[in-house]
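Based on the provided sequences and hints, a complete structural model is requested.
Chains as they are written, first to last, in the working numbering: chain A, 8 to 254; chain B, 53 to 294; chain C, 8 to 500.
Rather than coming from a laboratory, the hints here were simulated on the basis of the structure. Since no wrong hints were added, every one of them can be taken at face value.
Every beta carbon over 10 angstroms from chain A, so not counted as near; a handful from chain B, in silico:
no.: 1; residue: GLU74
no.: 2; residue: ALA75
no.: 3; residue: ALA110
no.: 4; residue: LYS113
no.: 5; residue: ALA118
no.: 6; residue: ASP127
no.: 7; residue: LYS144
no.: 8; residue: ASN169
no.: 9; residue: GLY275
Cβ pair distances, simulated, as ranges:
no.: 10; chain 1: C; residue 1: ARG456; chain 2: A; residue 2: GLU61; range: 54 to 60 angstroms
no.: 11; chain 1: C; residue 1: THR77; chain 2: B; residue 2: ALA71; range: 25 to 31 angstroms
no.: 12; chain 1: A; residue 1: PRO58; chain 2: B; residue 2: ASP278; range: 36 to 42 angstroms
no.: 13; chain 1: B; residue 1: ASP278; chain 2: A; residue 2: ARG200; range: 49 to 55 angstroms
no.: 14; chain 1: B; residue 1: THR59; chain 2: C; residue 2: PRO89; range: 23 to 29 angstroms
no.: 15; chain 1: A; residue 1: ARG147; chain 2: C; residue 2: TRP83; range: 45 to 51 angstroms
no.: 16; chain 1: B; residue 1: ASP278; chain 2: A; residue 2: THR63; range: 52 to 58 angstroms
no.: 17; chain 1: B; residue 1: ALA154; chain 2: C; residue 2: PHE451; range: 57 to 63 angstroms
no.: 18; chain 1: A; residue 1: TYR93; chain 2: B; residue 2: GLY291; range: 26 to 32 angstroms
Mimicking PhoX-like on lysine-lysine, the simulated pairs with C-alpha atoms at most 25 angstroms apart in a straight line are:
no.: 19; chain 1: C; residue 1: LYS371; chain 2: A; residue 2: LYS21
no.: 20; chain 1: A; residue 1: LYS158; chain 2: B; residue 2: LYS262
no.: 21; chain 1: C; residue 1: LYS365; chain 2: B; residue 2: LYS191
We treat Cβ as the ideally placed atom computed from N, Cα and C, and that holds for glycine.
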Amino acid sequence: MLKITNLHANVGDKPILKGLTLSINAGEIHAIMGPNGAGKSTLGYVLSGRPGYEITEGEVTFNGQNLLDLEPHERAAAGLFLGFQYPVEIPGVSNVQFLREALNAQRKYRSDTPLSGAEFLKVAREQAGALSMDMDMLKRPVNVGFSGGEKKRNEMVQMGIIDPALAILDETDSGLDIDALRTVGDGINRIMRKPDKAVLLITHYQRLLDYVKPDFVHVLADGRITRSGGPELALELERDGYKELAV
Amino acid sequence: MTMPAPTRHDEAWRYSDIAAVEAAWPLPAPESIIVPAGGNFARTIVQDNGAIHQLNIAIGKGATAAIYILNIGGDFGRVDLNVTLHEGADFKLGAVQIGSNAQTLEIITTVTHVEPNATSSQIVRSVLAGTSTGSYLGKVSVARDAQLTDSVQSVKAMLLDRSATANAKPELEIYADDVKCAHGCAIGELDPMGLFYLQARGLAPADAKKLMLQAFVAGVFEGAADEEMLIEAALKKLGELV
Amino acid sequence: MSDEIDIKDKAAWDAADRVADYEHGWSSDIETDFAPKGLTEDTVRFISAKKNEPEWMLEWRLKAFASWKTMTPPDWAKLNVPPIDYQEAYYYAEPKAKPKLGSLDEVDPEILRIYEKLGIPIAEQEVLAGVEGARRVAVDAVFDSVSVATTFRAELERSGVIFRSISEAIKEYPELVKKWLGKIVPMHDNYFATLNCAVFSDGTFVYIPEGVRCPMELSTYFRINAENTGQFERTLIIADKGSYVSYLEGCTAPMRDENQLHAAVVELVALDDAEIKYSTVQNWYPGDAEGKGGIYNFVTKRSLCQGKNSKVSWTQVETGSAVTWKYPSCVLNGENSVGEFYSVAVTNNYQQADTGTKMIHNGKGSRSTIVSKGISAGHSNNTYRGLVRVAPNAEGVRNFTQCDSLLLGSLSGAHTVPYIEVRNPSAQIEHEATTSKISDDQMFYAQARGLNAEEAVTLIVNGFAKEVLQQLPMEFAVEAQKLLGISLEGSVG
Chain A
8 MLKITNLHAN VGDKPILKGL TLSINAGEIH AIMGPNGAGK STLGYVLSGR PGYEITEGEV
68 TFNGQNLLDL EPHERAAAGL FLGFQYPVEI PGVSNVQFLR EALNAQRKYR SDTPLSGAEF
128 LKVAREQAGA LSMDMDMLKR PVNVGFSGGE KKRNEMVQMG IIDPALAILD ETDSGLDIDA
188 LRTVGDGINR IMRKPDKAVL LITHYQRLLD YVKPDFVHVL ADGRITRSGG PELALELERD
248 GYKELAV
Chain B
53 MTMPAPTRHD EAWRYSDIAA VEAAWPLPAP ESIIVPAGGN FARTIVQDNG AIHQLNIAIG
113 KGATAAIYIL NIGGDFGRVD LNVTLHEGAD FKLGAVQIGS NAQTLEIITT VTHVEPNATS
173 SQIVRSVLAG TSTGSYLGKV SVARDAQLTD SVQSVKAMLL DRSATANAKP ELEIYADDVK
233 CAHGCAIGEL DPMGLFYLQA RGLAPADAKK LMLQAFVAGV FEGAADEEML IEAALKKLGE
293 LV
Chain C
8 MSDEIDIKDK AAWDAADRVA DYEHGWSSDI ETDFAPKGLT EDTVRFISAK KNEPEWMLEW
68 RLKAFASWKT MTPPDWAKLN VPPIDYQEAY YYAEPKAKPK LGSLDEVDPE ILRIYEKLGI
128 PIAEQEVLAG VEGARRVAVD AVFDSVSVAT TFRAELERSG VIFRSISEAI KEYPELVKKW
188 LGKIVPMHDN YFATLNCAVF SDGTFVYIPE GVRCPMELST YFRINAENTG QFERTLIIAD
248 KGSYVSYLEG CTAPMRDENQ LHAAVVELVA LDDAEIKYST VQNWYPGDAE GKGGIYNFVT
308 KRSLCQGKNS KVSWTQVETG SAVTWKYPSC VLNGENSVGE FYSVAVTNNY QQADTGTKMI
368 HNGKGSRSTI VSKGISAGHS NNTYRGLVRV APNAEGVRNF TQCDSLLLGS LSGAHTVPYI
428 EVRNPSAQIE HEATTSKISD DQMFYAQARG LNAEEAVTLI VNGFAKEVLQ QLPMEFAVEA
488 QKLLGISLEG SVG
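Right, here's the structure in full:
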């Protein structure tokens, strides 16, 4: 589904990714772990097309299509979803309005018929309910006045409504208490653990992986994958820290 | 005796389209509105044909006045409010100006708190494209006796093109010590992270921009009797810019 | 009823008595050589001749004088200043026992005593004999119209730093002076700047060569001593590529019943990667509690951040003068250049201050910060006036402005007049302003911890101004904190 080959990327003049290679197939959940500053968030932003990140070498294909040629909204329409580490506040725009416009823009791009207001609300209500989020919050402006945990939960509601093929979840576990962590973990499993979907979890800690069992764990250090393995690698990292393994 | 037309040296006209002002000179006397004690007054002004509006508003004891302005039309459009608040009165201004091409649009306010306990709130949002100029000159004046005044000015402008100009002068003149007076002013472009967030959820760049601009002006007209008409007219003009 | 009035009157008298103890309010008996009273072309020639100036300098002065006669004083500030009779003042006063510059032994001991009284380390020996590890400060002392001593000259010269009175620099470094004098503040900039061009008497010249970090703080102390004398000093600081200098300026004047005029011009230029930090503690005589006397302080200060990554930082603590009219500004021409303005202005009794800054962003990526704290007490008026302008081609400009006003008592005024003019969409300009008073809760809390009302106000005001005071070099910060307290005496109760 996603094939990253020898990816190099700069922020400004500073190289952050230095030859990253990774393949993700449908039905798989991958976790990328690594110390701060290793380039974890950069990977998420580069894959979703945030301006200001310069690709200097390498290629990325998504279902055979050259991902790097697409605009951010085209990547979204193609089925890629980025769960933001710091979801952005947009005063004045309600969640409902935002998501309906976003979903219908994606459907239009894929030549699907747009959802009516009633159809959309039904989907939205289902997803909010599944993540125990109050519908009132969906009517409020996007992320404005939300706590850290509420913002992350809102990201998951959005993921449920948009129903992407590949989700890249950047530090989705940060800022969550233990109950919220379970709710979010259940959400990821329910929405994304399907044979035709895949997930890339970017995380610093092992704890989310107790709820969302990865098939593969990779260590990202200094801009490349330095080690790959099964779920046991995450436990090893938790025990020994990154120092031993990073190099 | 008529006064000569103002020049750029006149503080209240420093950013005006002086040629247009001269053509319109002399101006008719300002409309005078007196809101009696305990009364409520509201007015919506849609400036869509290049006019100069001048209003003097005296708000009596415990009375309220709300003015909503959409300043979008003509080569030169100006709304000039001179507001006096008596004890416990409340004044609210919600104004949006949207400029394109070579338009010059401006909102001038002088809000004077002459007695205690009055409140005033001014929200002004400008979106400026092309070579347009949008200005806000707003003075809040608190007299010696006007203790417990509570006054806010929130001024924001968004420039869409390099040749557009935003001017702001949120002025405070305060002679009483027990007051709450604050103003905030921000001029900038659309938040790039917000735009990226919207695009990452599937909105095309132009749609993301439009949604952000809509959010930028939304809320200004809250509480207006013709809120929907105002928002619709604002969105229509915004649609022409993006 | 009448009892109450009596009590209030008494409180007012007590307050007046306290304020009358203006710390630096004594004048000194020094024989002084004056130019003839009044202002004519002859006055200009007299000053130029006294200084043995080259012909080009005299021409320049005369040109300025001719245009000054056609100009009118600015009237846009929120200031109430009675018309000034420019013919009633002396434009040049020189201590008679003329010191040989650079040789402290020959300075009139009376002058040295005055500076000692002011706490200025004019004698190098004194500083050297001071506490070990104490920072050394090179001082140029301007007494009325003449620079009387410039210290540490030899040591500065070893690192290539030129630190001179401007009169000397005109003779010794005419090319450098010609290149920049009047280039940052043009001769016709404004009424007071033009007047200064015609009659400036002395001031300081600093040149920091390429790549040099000035080894010590440079400082000028200005004092107006003679009666009816205007002081018109002129400062020019040139920071060549990659250099750094921190410059301090302090001002005092004796108590006089008449108003005295002070119209200075300060020009700074920073080339590529250079940085100038300019700090002022202005404590000219503010007049008495009834508003009589005090200095009229009309000052033009401007910096040119000409080079890429250049930086100029203005910090001012303004507690003195009857009238202050002053806007230290930055013209940010260089790419990624930085301008800063940190200001505390205190007005009490009948003082009036209209002060602020201009940040003119012409360079790409230029950034500026403005923090202004105004404190108004008594019958005073305190205005922040500022301009932030972004040119159409200046991409990526950032400005943040914070203007806070604190009112003490209900008879003063606090005003904020910001102008914001933006012509480039990528600019991010933020301006915030608040007005407040010291809350009863704050006062009670401080008093419950054992402070009297005046101490409590001083403490709270210092907290209010902390962000600015922190910008000052350490020696000045302590002095400034004390000054805030002294300036506000009599403002509570």
